[in-house]
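Engineer: Protein chains in written order, with the working numbering: chain A, 2 to 522; chain B, 2 to 522.
Treat the hints with caution; some may be incorrect.
Said to hold, decoys possible - Label-pair distances were calculated between CB atoms; the ranges are:
#1 G322(A) with D339(B): 39 to 45 Å
#2 E274(A) with E460(B): 30 to 36 Å
#3 A93(B) with D140(A): 47 to 53 Å
#4 P273(A) with S284(B): 42 to 48 Å
#5 R181(A) with R181(B): 34 to 40 Å
#6 E496(B) with S284(A): 57 to 63 Å
#7 D339(B) with D287(A): 31 to 37 Å
#8 D287(A) with A15(B): 52 to 58 Å
#9 A160(B) with S285(A): 47 to 53 Å
#10 A404(B) with S284(A): 56 to 62 Å
#11 R154(A) with P32(B): 55 to 61 Å
#12 D339(B) with P424(A): 32 to 38 Å
#13 T103(B) with E347(A): 44 to 50 Å
Stated by the list, open to error - Which chain A residues stay away from chain B? Per the calculated CB distances, all over 12 Å, these:
#14 V39
#15 P57
#16 R154
#17 R156
#18 M227
#19 R294
#20 S355
#21 A376
#22 A415
#23 T477
#24 Q512
Keep in mind the hints are simulated off the structure, nothing from the lab.
All residues carry an ideal CB built from backbone N, CA and C; glycine is no exception.
2 protein chains.
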Amino acid sequence: MSDRSRSWWGWGDAAKAVPDTTCGQLAAALPGCATTPVPVPDVATLPLRAPRIEPPAALACRFSTDPYDRAGHTYGKSFRDVVRALAGEVAAAPDLVAFPDTEADVVAILDWAGAAGIAVLPYGGGSSVVGGTEYRGGDHAGVVSLDLTALDRVREIDATSRAVRVQGGALGPVLEDQLRPHGLTLRHFPQSFEFSTVGGWLATRSGGHYAMGRTHIDDAVESMRMVTPVGIAESWRLPGSGAGPSPDRLFLGSEGTLGVITEAWLRVQDRPEHRASDAVLFSSFDDALAAVREIAQSGPLLANCRLLDGGEARFSGAGDGTHAVLVLGAESAAAPVDAELAAAVEIARGHGGSPQGARSGGGAVGAWRSAFLQAPYLRDALARCGAVIETFETACTWDIAPALIDAVRTEVGAAVAEVCGTPGIVNCRITHVYPDGLAPYFTVAAAGRIGAQLAQWDEIKAAAMAVLTRHRATVTHHHAVGRDHRPGYDRQRPEVFAVALRATKAALDPQGILNPGVLID
Amino acid sequence: MSDRSRSWWGWGDAAKAVPDTTCGQLAAALPGCATTPVPVPDVATLPLRAPRIEPPAALACRFSTDPYDRAGHTYGKSFRDVVRALAGEVAAAPDLVAFPDTEADVVAILDWAGAAGIAVLPYGGGSSVVGGTEYRGGDHAGVVSLDLTALDRVREIDATSRAVRVQGGALGPVLEDQLRPHGLTLRHFPQSFEFSTVGGWLATRSGGHYAMGRTHIDDAVESMRMVTPVGIAESWRLPGSGAGPSPDRLFLGSEGTLGVITEAWLRVQDRPEHRASDAVLFSSFDDALAAVREIAQSGPLLANCRLLDGGEARFSGAGDGTHAVLVLGAESAAAPVDAELAAAVEIARGHGGSPQGARSGGGAVGAWRSAFLQAPYLRDALARCGAVIETFETACTWDIAPALIDAVRTEVGAAVAEVCGTPGIVNCRITHVYPDGLAPYFTVAAAGRIGAQLAQWDEIKAAAMAVLTRHRATVTHHHAVGRDHRPGYDRQRPEVFAVALRATKAALDPQGILNPGVLID
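This is chain A alone, in the form it adopts within the complex (with noise of 0.2 Å):
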């Protein structure tokens, strides 16, 4: 009952999947990787386990025990969830996906999944890259992938306020679908626009389009509703309050364990017409960086202030590899942007850049953009021929941002060399930037060995954590913790805050059936 149209085992539309002629084109920029790209396995041929559980007749929410759904709702879509499912790996399959069509239905499955024993993973687009949707053991008598993509309606529009209240299980397109008629826009556009819910969103404090300013869904978020397995938490419509700490915020970034958001009202604006975008170059990548701190701290609200490193804009078609590129973007509703923008690369000027010239699309900053879409295409074709592959994010303040990034560059690299044999690839980003700080994003590949992909990664992941948590960077700016993180979030997560987050779960899921595994034990 899923869309067929979804790769089950891979990234996004199965149609946009790289064709098999291709991968091995592509995998030549990786020495060492095959020239064929191991088949993805038949739906059919799958080791399925019989499902354990049987939903109650009272039950009318529909489920699905069909090998696609089921197949396709064992995972996420990480590096590591590839490489299983491409070997057929599928254990850890749900014995049920259910659909619930309203509310009163994921009510109903929690109180029966309580009443069970029964764990339940809330599924949104299901694009976790972080294990976030899998199940991975504990003595629960089954699990119910809960899918809420049929719950994806916009329910009110307040045009005065411009808010909006909408399902959880709204797909991105799905939601400015609805919004486009009235002239408004979330503009949230996370990498994984297309295949990510509202509700996923707000699970895992999801980062987007903005590069400063509002750059989590969090700040977009006016009042929310979760069903949780001991009542329903909807917290009041209020553009700002000092009343207590924030409900919304201590269920902003539970991911799934603590209850299942089904609605949201979220603050929402008018459709951009102007905007002005420049990407601009760097022989230095440190130049590059003051310049963006200087942007950070001093010039004006951008909506796109992203450094690519020389590596990356090769990577993304931006730049030859000789350059760091500086994609600066700036745009509103109400008027012209043209001195913002100016503003900012005459910053970047002063740092050494060379501006390429304002337009409003196309060249760098169009070939960035596109590269960022068919990113996780691409790591697919790769993963099919032995690459290892994984993107990390981070955050830290400015201070120790050079010797973070330096020292990622560098463990990692010899992780990669050590693990892999072979130099492979470190690149770095900085995705979002702040008065204080800001958010590098790392992609790492190389050539590693068909069989031994997964160990290969753990090990490359290890080494990535460790340099994070040792600098007290962030485990993850934007991509979540689910079970990968949890490492690294143990760390940095304050022990005290661990006791109230436990203190939290017991009293709000005392059976323990909400995604265990995530966040805490």
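Chain A is fixed; fit chain B onto it per the hints.
Structural biologist: Positioned in the frame of chain A, the structure of chain B alone reads:
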């Protein structure tokens, strides 16, 4: 051992209290008030009971049983507090006032108090207007007011990231004095700025200087450190993160119920060099409101965008009462802000506003600012003459704003007339604005009856809380919940969140010693 220049019974500096001879003249503005103020009791004559507890000799921390300290730490600075202090009611006085010099002192006090069942009430500047620092019963063996103002040092400055590590007990001016030599400023100016602390701001989610953008202190917090009975919580310094629910956001607004905030890293900025401000008159408050909405939704980010209704404008000397006054201000450390101000003024003009002409201070802008800082002293003077005075604030979305403001004027006005037998004053100003809503602030004043002021206030306050909660407008935008807002807060807070908060409280403060009665039972 407290600063003896501070008023023990009323607002701020004792020397700035309105002289007796002037009180009666001021009270003439509220017909029916007494012309002679009630006297301020001599501290030496207050009926303070003997302290029931004694600190153990091993505890090196400074403690005081001095009547001035105990009386001055009995209440915050709300109208109810002032009236009770003037009446010599100090039954709720703490047994001891502790003045920790180090975080280790705080830890030791919590350890001792936990073992002995002694209530600990964290005390910053003592400016709470919601009963946030007052013991209101329970079965504790004694009560300690924990005065944190000796912990007032800036410990570290990271000029690169523009962030500072400061102790929780620093009063506003004490913090700014330490930042000024570095050209930095926090620019967080609540009305209580001189008499409130960093830790108090964080514990209550204080609202500051900025009318737009960073309205609450929350967004200035990079990390914080809090002593709880089960350990010290310290979050990493991060400009942004998506690693689980924000630990800081659970502790921000916890109002001393979960721990004592001893340090925080705060985002600071260069001192502004460029300023521009103007005042715009409107004959219609609703037109002014529409202008403010358009500015908030499409205009530039302003530092100041405060709308005073006619009564509030007259009250503050910013107008003659015939017009609403919109006070606009822009500022920047980097570049002139005349264009930003002009854009906002143009929007105001489009809604029928009459700009008074850009200036850098003086006129309506300066009058408003000066009256803003004097208001609490004026309130104390009127309270001494039998007035009933309350200021309360809220926030709501734009769609319900006119109805809410009308309802407050009507219903609270009716309550005042009923309770006091005189129409009194219900003025409104808008203190903070958001794209999706606004924070209206109401000033209520009428001639009451000496001896009956508390009961009269209680009825008016109940009417105010009823109209706010009926509209699902927050019970407080930046004054905090304390004990006075509990009835409204208990209705506002989602019950599931209350379950989480209760579980957290039980886990972090198992003996229930921290600020009992605030937020949650």
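Engineer: Does 42 to 48 Å hold as the CB distance between P273(A) and S284(B), or does it fail?
Structural biologist: violated (34 Å)
Engineer: Could one say that the CB atoms of E274(A) and E460(B) fall in the range 30 to 36 Å?
Structural biologist: Roughly 52 Å apart at Cβ, these two residues miss the hinted range, so it is violated.
Engineer: Taking the minimum C-beta separation from V39(A) to chain B, is that value above 12 Å?
Structural biologist: At roughly 32 Å from the nearest Cβ of chain B, V39(A) sits farther out than 12 Å, so the non-interface label holds.
Engineer: The output says S355(A) does not contact chain B. Does that hold with a beta carbon cutoff of 12 Å?
Structural biologist: Nearest chain B Cβ is 23 Å from S355(A), so the label holds.
Engineer: For A376(A), is the shortest CB-to-CB distance to chain B above 12 Å, so the non-interface label stands?
Structural biologist: A376(A) is indeed farther than 12 Å from all Cβ atoms of chain B, at 19 Å.
Engineer: The hint says 52 to 58 Å between D287(A) and A15(B); measuring C-beta to C-beta, is that right?
Structural biologist: The hint (52 to 58 Å, Cβ to Cβ) holds, given that D287(A) and A15(B) are roughly 55 Å apart.
Engineer: Should the label of R156(A) as a non-interface residue stand, given a Cβ cut-off of 12 Å to chain B?
Structural biologist: holds (15 Å)
Engineer: Quick check on a hinted range of 47 to 53 Å for A93(B) and D140(A), using CB atoms only.
Structural biologist: holds (52 Å)
Engineer: Going by Cβ atoms, does P57(A) stay more than 12 Å from chain B at every point?
Structural biologist: Non-interface label stands for P57(A): nearest chain B Cβ at 25 Å, farther than 12 Å.
Engineer: Would the least Cβ to Cβ distance between M227(A) and chain B come out above 12 Å?
Structural biologist: Incorrect as stated: the minimum Cβ-Cβ distance to chain B is 7 Å, not above 12 Å.
Engineer: Taking the CB of A160(B) and the CB of S285(A), does the distance hold inside 47 to 53 Å?
Structural biologist: violated (22 Å)
Engineer: Determine whether the Cβ-Cβ distance between G322(A) and D339(B) falls within the hinted range of 39 to 45 Å.
Structural biologist: holds (44 Å)
The structure is inconsistent with the numbered hints 2, 4, 5, 9, 12, 18, 19 and 23, although it conforms to all the rest.
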